[in-house]
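Work out the full structure, taking the sequences as your base and the hints as a guide.
Order-wise, the sequence lines are chains G and W.
Going by this note's numbering, the residue at position 641 of the first sequence is 641; the numbering climbs one at a time, nothing skipped.
Going by this note's numbering, the residue at position 383 of the second sequence is 383; the numbering climbs one at a time, nothing skipped.
I should point out that these hints are in silico values taken from the structure, not numbers from a laboratory.
Don't take each hint at face value.
Among chain G residues calculated to face chain W with C-beta under 8 Å, some are [said to hold, decoys possible]:
hint: 1; residue: Ser25
hint: 2; residue: Leu95
hint: 3; residue: Gly116
hint: 4; residue: Gly170
hint: 5; residue: Lys185
hint: 6; residue: Pro313
hint: 7; residue: Glu316
hint: 8; residue: Gly400
hint: 9; residue: Asp431
hint: 10; residue: His465
hint: 11; residue: Ile477
hint: 12; residue: Thr605
From chain W, some residues computed to sit far from chain G (all C-beta separations above 12 Å) [unchecked claim]:
hint: 13; residue: Asp145
hint: 14; residue: Ala331
hint: 15; residue: Phe526
hint: 16; residue: Glu633
Glycine included, C-beta positions come from ideal geometry on N, C-alpha and C.
There are 2 protein chains.
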Amino acid sequence: MSVEPRLMANAIRALSMDAVQAANSGHPGMPMGMADAATILFKEYLKYDPKEPNWHDRDRFVLSAGHGSMLIYSLLHLTGYARPTMDDIRGFRKLGSPCAGHPENFMLEGVEATTGPLGQGFAMAVGMAIAERHLNAVFGDDLVDHRTWVIAGDGCLMEGINHEAVGLAGHLKLGRLNVLWDNNKITIDGSTDLSTSEDIPARYRASGWHVVSCDGHDFDSIRNALDEAIADPRPSLIDCRTIIGWGAPNKQGTSATHGAALGDDEVAAARKHLVWDSEPFDLPEPIERAWREAGARGGKVHEEWRARLAANPQREEFVRRMEGRLPEGSAKGDYLDWLSANPQNVATRKASEMALEAINAALPETIGGSADLTGSNNTKTKAQAPLTADNYGGRYIYYGIREFGMAAAMNGMALHGGVIPYGGTFLVFSDYCRPAIRLSALQNVRVVYVMTHDSIGLGEDGPTHQPVEHVMSLRMIPNLDVYRPADAVETAECWALSLARQDGPSLLCLTRQNLSQLRTERTDNFCAKGAYRLRAAKAARRVIIIATGSEVETALKTAEALEGQGIGADVVSMPCWTLFDRQDDAYRTDILPKGVLRLSIEAGTTLGWERYADLSIGLDRFGASAPAEDLFERFGFTADQIAPRIVAALNSGVK
Amino acid sequence: MSVEPRLMANAIRALSMDAVQAANSGHPGMPMGMADAATILFKEYLKYDPKEPNWHDRDRFVLSAGHGSMLIYSLLHLTGYARPTMDDIRGFRKLGSPCAGHPENFMLEGVEATTGPLGQGFAMAVGMAIAERHLNAVFGDDLVDHRTWVIAGDGCLMEGINHEAVGLAGHLKLGRLNVLWDNNKITIDGSTDLSTSEDIPARYRASGWHVVSCDGHDFDSIRNALDEAIADPRPSLIDCRTIIGWGAPNKQGTSATHGAALGDDEVAAARKHLVWDSEPFDLPEPIERAWREAGARGGKVHEEWRARLAANPQREEFVRRMEGRLPEGSAKGDYLDWLSANPQNVATRKASEMALEAINAALPETIGGSADLTGSNNTKTKAQAPLTADNYGGRYIYYGIREFGMAAAMNGMALHGGVIPYGGTFLVFSDYCRPAIRLSALQNVRVVYVMTHDSIGLGEDGPTHQPVEHVMSLRMIPNLDVYRPADAVETAECWALSLARQDGPSLLCLTRQNLSQLRTERTDNFCAKGAYRLRAAKAARRVIIIATGSEVETALKTAEALEGQGIGADVVSMPCWTLFDRQDDAYRTDILPKGVLRLSIEAGTTLGWERYADLSIGLDRFGASAPAEDLFERFGFTADQIAPRIVAALNSGVK
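In structure tokens:
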């Protein structure tokens, strides 16, 4: 005898309200409101296999409204994923449970993305849908043929990033992306009428989306809408008209259910209203069984896919890419051989392009792009065809003026797997994508940010475009490797390190202006140590000058000037702080010993440099509009100005 | 004899292409494409008086597409503003000229906002239009009755923030906001077809805007569109169909004119094509005269307004508010008197609300708001009515889930003058508004950011919601005062300092969790020094514990534990680094002398604390989801764990 979907949905409701009540913290309203639609989706539509959560051809499901985390925890448990167990759910929002306040991809299989920061789950799903179509173009329907599903709330739709995500998805005609909008007309502050008057379906249609509405508590209506969404070649917004907190008789439909426990009385009232007699965290056997059957539905499809994979000539390459392993022999370094024989005095953004020519030829999994600064970020290599609605096999995305949307889409691509996304904008606009950079780091995904025009060295565009605090403040994001290479060789080395890293994002800070190539001997990857001695003192060492990026050349000139006065000066290039901090004591002490004056030069904020330096040459104010050389002169970044400061410091006994 | 508008527009074109050519850097395409529409706007519609650029009732004009800066420099010069002079324009993009690469409000009167970071000019204009309607509601048509005009490009419209700005303006029915969209179908990467398929007018209509189209090179068509926009009660998007670089015969209509000098040959060809015989930076006298007459148009209207102001009973209050002076006696501190007599052990977010009750009663110019976290940010005081389309006189804005749009709108309100905006979100989402916070600082505007839930102390919401790097990375933005108060008294003091500051933004980092009130004696505003000795060592001083916010209480407990072992410990509360750095040597040395172990405690990144501390207790990883007390325990923020670390450091002779 089949179990009514309502009863199955009520299991989600019960788990959600009970878990939130036990934690005395959380968001019961959304899971209770969307339980019916989610039940139909997981029972009848979504392609997945709880026994193998990472099946490469599974549908991706993203709970963009991440505060409703008990919805996904309930679904994963009910459909038979190994985790979360019922004990995990009992531990909701407590130390040690994988059932965190918001869903975290690194805590539970089946959680495809870390969500909670509103709008980003949706925008990551766009990236997943791009990756799916791209891999489909490369590997064919037999191996890659799945959909991306999203549940999003009004918050996700009101955020600015939604405009970017919707625009990108509509432009690329991502028909396999289907978004269920939890249209409950409630936000934290109260009715949506308080803050918005938008005709949301009209906006979506204006960007090339298909929109269909349903009663989010009527199962046939939900099915019809999902069927229509699947049939339509455009990305679909499924407007699910729901009641927040459905089932809580006194609080449903109000913002009181949004972000707080219902309270013992209302939980009891809901039990009565839903005719739900079980104790908290206890499930009636027939309902549990019905859910397990729903979860088992994908097993056969998975089996068939496995057979197709086994027979597919591209099998090994497909699996290699999905597992994120680089091709064998791709780290050979022919380009570095060539560079050491043919020094290039180019901007590091140009050096990045040159490195990418080699990388993109060797690694078919890279997908590049830029937020409308292709020619400035030097992100496109010659052989890259655009990835478009007519050619998903292309490997370059014109993201448009959508920095945040680009970054989130890259996160989604990396989460999907099979591709390595990189994308560019000006470093100052890293601020626009900072929330997504943080999520790259938190989610441990391999995304490479190509941030050019990395200091006042960009010149005339002036203070609105000149990064000052950016390099340092990006270094503060945990798990993000920030690189600021000093020349063409370091740029290639930093690229190699960024690609070799499987468990997190990297960010390259690159110059607009030309720099001399400082290393011409073929060596190991010195950047792998984070910092290294580029120049050893000739006279007795009295100062160590630490610098990054374009200031390394200045450091070398300063060292020469000091040596002319008999003052021995090391120059340490420090392209990546996090890598340096990971070296052993002996190495770090050798490079930066105590008892010698250490001075840093970096055309950005000095705050933070106290970690390594006794004195810092930097910029603690906004820049100005003028040619680069005038600005470096004006703000004191010349050997002529720095050398005397070092001499004065030595004479006054700073160290 | 009247001069054809085309000839007047060609003066803009000539100045723009010549200045960019002289700088060999800049963006000629936009000024040349929008010259015709801008000529009509400045000649016949815009209300302004070059003789008094800061006339309070002038129309506001924002060049949101700030890269086209030569458009506004040309217009200001031509209409008779004292600056830029022709020499200033010759110095375009060079050190010392106020004609920076992008328009900067602090360099030139008549530049209402600093633009260049795309989308923000438009969003600031929404704030200006809100301020206008609010002040109109307070002071009446006689004193406040002007429009806000914007020129925006495709980039401004494609950015995510545009969705937030459009939504807010439509919801608030800001009919006096009129946006001229430079619809030239070109972005930096090429045709807009590369990255977007959006029906822009449909999107605007979906948010309650009026849209009208015109041929941007046909003067009557432009006039008709402007007339229609003015007549319509909704905010208007004026779709100006233009040709980028109009007048450059070989390059117009292509992205080649967007961001680079045209080149000598094309400039010469354009001169021929436009029949423009004058030398660079030389203007035909009749054209110059026609422009001066256009600029003089507002003088009479201004005169009439001045007469109305003189006769208005609210004159003094209006001028006080527009000049940004606080009411006399408003800093008397009755609330602080009360607090010292009635200690409050509350979260600093709650303490902020309590301070705001006093502030909002004393300062009619404050306008509060929150990005849909009113009850969490504690930003609304009891007497505040919502500012809505039906009641512009209200003083609280439900911004919706639009953090970035809120921040930019606040910048616009502050730039407009007459109001002091403050607004809240969670500190972790300061990342969402970071680009606007940077512009608050660069533009020197008084905006107060109320950022609550300022550490792992927010507990269960987990790492997506827990700031780690935020406090420190905000400290790195030049000209931003970041406050992290330790209790109710410090919160009130930091609020007083934020409001007293006229020349820049402040940002308050506030707790979700309750804190003890640490000071019960009525004192001067100790926070004004940035850091102060909250507790003096009893035994011989061997350690100075520096802390901020919620960790100050932990520092006090740690000091007590140490004193129990005979180790004297100062505790320094350090709510604001920038204010501390501004104190004289004697003060700073007294508080943080050398030769004593200095240890910092802050539940965020340790990077940066090396500036003041020898050892740091902090958090250099993402947080976790659990109750706050469990997290503080887990991550080592308890006196029990910290005191032994200090003892060990003292024993090992760190200092």
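Here is what the structure says about each hint:
{"no.": "1", "hint": "Ser25", "verdict": "holds (4 Å)"}
{"no.": "2", "hint": "Leu95", "verdict": "holds (4 Å)"}
{"no.": "3", "hint": "Gly116", "verdict": "holds (4 Å)"}
{"no.": "4", "hint": "Gly170", "verdict": "holds (6 Å)"}
{"no.": "5", "hint": "Lys185", "verdict": "violated (13 Å)"}
{"no.": "6", "hint": "Pro313", "verdict": "violated (35 Å)"}
{"no.": "7", "hint": "Glu316", "verdict": "violated (35 Å)"}
{"no.": "8", "hint": "Gly400", "verdict": "holds (3 Å)"}
{"no.": "9", "hint": "Asp431", "verdict": "holds (4 Å)"}
{"no.": "10", "hint": "His465", "verdict": "holds (6 Å)"}
{"no.": "11", "hint": "Ile477", "verdict": "holds (5 Å)"}
{"no.": "12", "hint": "Thr605", "verdict": "holds (5 Å)"}
{"no.": "13", "hint": "Asp145", "verdict": "holds (25 Å)"}
{"no.": "14", "hint": "Ala331", "verdict": "holds (29 Å)"}
{"no.": "15", "hint": "Phe526", "verdict": "holds (23 Å)"}
{"no.": "16", "hint": "Glu633", "verdict": "violated (9 Å)"}
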